[in-house]
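Enquirer: Sequence:
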Amino acid sequence: MAGHLPTTEFDDIPDELLDELEALSHERTEGHVNMVQLLDEEGRFHNGSHFSEHARSLSGEELRGLYREMAMIRRFDVEATALQRQGQLALWVPMRGQEAAQIGSGRATQPQDYIFPTYREHGVALTRGVELGELLRIFRGVSNGGWDPTETNFHLYTLVLAAQVPHAVGYAMALQRDAARAAAAGRDAGEPGAVVAYFGDGASSEGDVHESMVFAASFKAPVVFFCQNNQWAISVPAQVQSRIPLHNRAKGYGFPGLRVDGNDVLAVRAVTEWALERARSGKGPVLIEAYTYRQGAHTTADDPTKYRLSEEEQEWLAKDPVTRFEKFLRAEGHADDAFFAQVAAEGDALAAKSRKDVLAFEPPNLAEAMGNVYAEWHPLVAEELAWHLEYESGFKDAEEANTSEGGH
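Here the sequence shown stands for residues 5 to 412, numbered as in this note's numbering.
None of these hints come from the bench; they were simulated from the model. The beta-carbon is built from N, C-alpha and C at its ideal position, and this holds for glycine as well. One should not assume that every hint holds.
Derived CB-CB ranges, DEER-like [what the hints assert, rightly or not]:
(1) Ala373 <-> Val82: 24 to 34 Å
(2) Trp320 <-> Arg181: 34 to 44 Å
(3) His214 <-> Glu65: 36 to 46 Å
Simulated crosslink set (DSS-like; lysine-lysine; CA at most 27 Å straight-line) [said to hold, decoys possible]:
(4) Lys224 <-> Lys287
(5) Lys255 <-> Lys287
(6) Lys310 <-> Lys331
(7) Lys310 <-> Lys287
From just these sequences and the hints, can you work out the full model?
Expert: Right, here's the structure in full:
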C-alpha cells in the first residue's frame with residue numbers, strides 16, 4: 005500500500021534546486037532563518053544559489069528600474085499616509101518595508117498573467133501599470149474599486165481577509181481549461197498565463213487559503229501563492245500563526261514551497277520568475293513565503309507601539325530593502341548620486357500628482373450608492389434616503405440662517 009500513497013517528491017525540479025529547497029525548509033539555530041538570499045544586509049551579492057545566475061543576467065537599466073519603482077512606491081506610500089492624517093482618505097494601508105517583495109514579484113510577471121492582490125499590494129499595482137491616483141479612490145470612499153482590472157490584469161483590492169485566494173485558483177483553473185479547449189480545437193491559445201495570489205501571514209490561517217491550495221494541487225492549477233510574511237497579523241506575531249515556517253505547508257498539499265528574503269529584490273524576482281515559469285508550463289502551483297517586515301502600522305487605524313518593541317523595529321530597519329539595494333547599485337557601479345537625486349524628484353512629482361488627483365475626486369452620489377443595495381429599488385431604502393436628505397437639508401437651512409443673520 006505504501007507505494008500507492010501520494011508523494012511530495014517533485015520529479016520536474018532539477019536535483020540541485022531540489023537539494024537547495026530541502027536545505028532551506030528548516031530553520032537554523034540561534035534564530036537565523038535559512039532562505040533564498042542573494043543580497044545580504046550590506047548589499048553584497050552572494051553566488052552559490054540556483055537563482056544567482058538569473059539575477060546576474062539583469063542589465064544595469066533593469067536593476068535601476070527595480071530601485072526606481074521601490075523608491076517611487078515608498079514616496080507614494082508616505083504621501084497617502086499624510087493624506088489620511090489630513091482627513092483626505094478614510095483609511096490607508098501602509099506597505100513600507102515590503103517594497104522588495106512587491107516590486108520584485110510584480111516585475112517577475114508577464115502581461116498575460118493575472119494578479120489577485122489583498123489591500124496592500126501598491127507596489128505590485130505600480131509594476132502592472134495601475135494609475136496610482138485611481139488606486140486611492142477606494143480609500144477616499146468614492147468608489148468600490150477605482151481601476152479597470154481588464155486593462156492591467158490586476159484585480160481590484162479585496163478587503164475581506166483571504167477572500168481573493170479561492171478566486172485566484174478558480175481563475176487559474178479557467179486559464180487551464182481554456183488552453184485545453186483551444187488545443188483540442190486546433191486553435192492558438194496564445195502565450196500561456198499564470199495567476200499570482202497575494203496574501204499575508206495572518207490570512208494563511210484562514211480556511212480560504214487551505215481550500216484553495218487543495219484545489220490548486222488536485223488540478224495542478226497554474227497559480228503561485230505569494231505570502232508576504234511581514235511578521236505581524238495586526239497584533240498577532242507570525243510564530244503564533246504557525247509553529248513551522250509557512251512555506252513548509254506546501255509539502256502537505258503536494259507542491260513545492262520555499263522561503264525567500266523578502267527584503268532582497270533580486271532574490272524575490274528570481275524566485276517568482278522560476279515559480280511562474282513552472283506554473284505556466286503545466287507543472288502546478290508553488291508557495292512562496294517572502295520573509296519581510298511591516299515597518300509601520302497595519303493600517304492608519306493601528307498603533308504598533310502597543311504590541312511590538314522598538315528594538316525589533318530597529319533590528320529590521322537595518323535590513324531595509326530600499327537602502328540595501330541602493331548600496332548594491334553604488335558598489336556595482338550601476339548608479340550614482342545624480343540617478344538617486346533624479347529618482348527622488350520623480351517620487352516628489354508622483355506624490356504631488358496623487359494628491360492633486362485625490363482632491364479632484366468627485367464625491368459619490370448618495371442616491372446612486374443606496375440604489376446599489378438591492379437589485380431593484382426597495383421602499384425601505386427609499387424611505388431611508390428621504391430621511392437622510394431631509395437631515396442634510398437641515399444643515400443647509402442652518403447655514404443660510406447664520407449667513408442671513410451675519411448680513412444684518
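Enquirer: Compare the structure with each hint and give your call.
Expert: Hints, verified against the model:
no.	hint	result
1	Ala373 <-> Val82: 24 to 34 Å	holds (31 Å)
2	Trp320 <-> Arg181: 34 to 44 Å	holds (43 Å)
3	His214 <-> Glu65: 36 to 46 Å	holds (42 Å)
4	Lys224 <-> Lys287	holds (6 Å)
5	Lys255 <-> Lys287	holds (15 Å)
6	Lys310 <-> Lys331	violated (33 Å)
7	Lys310 <-> Lys287	violated (45 Å)
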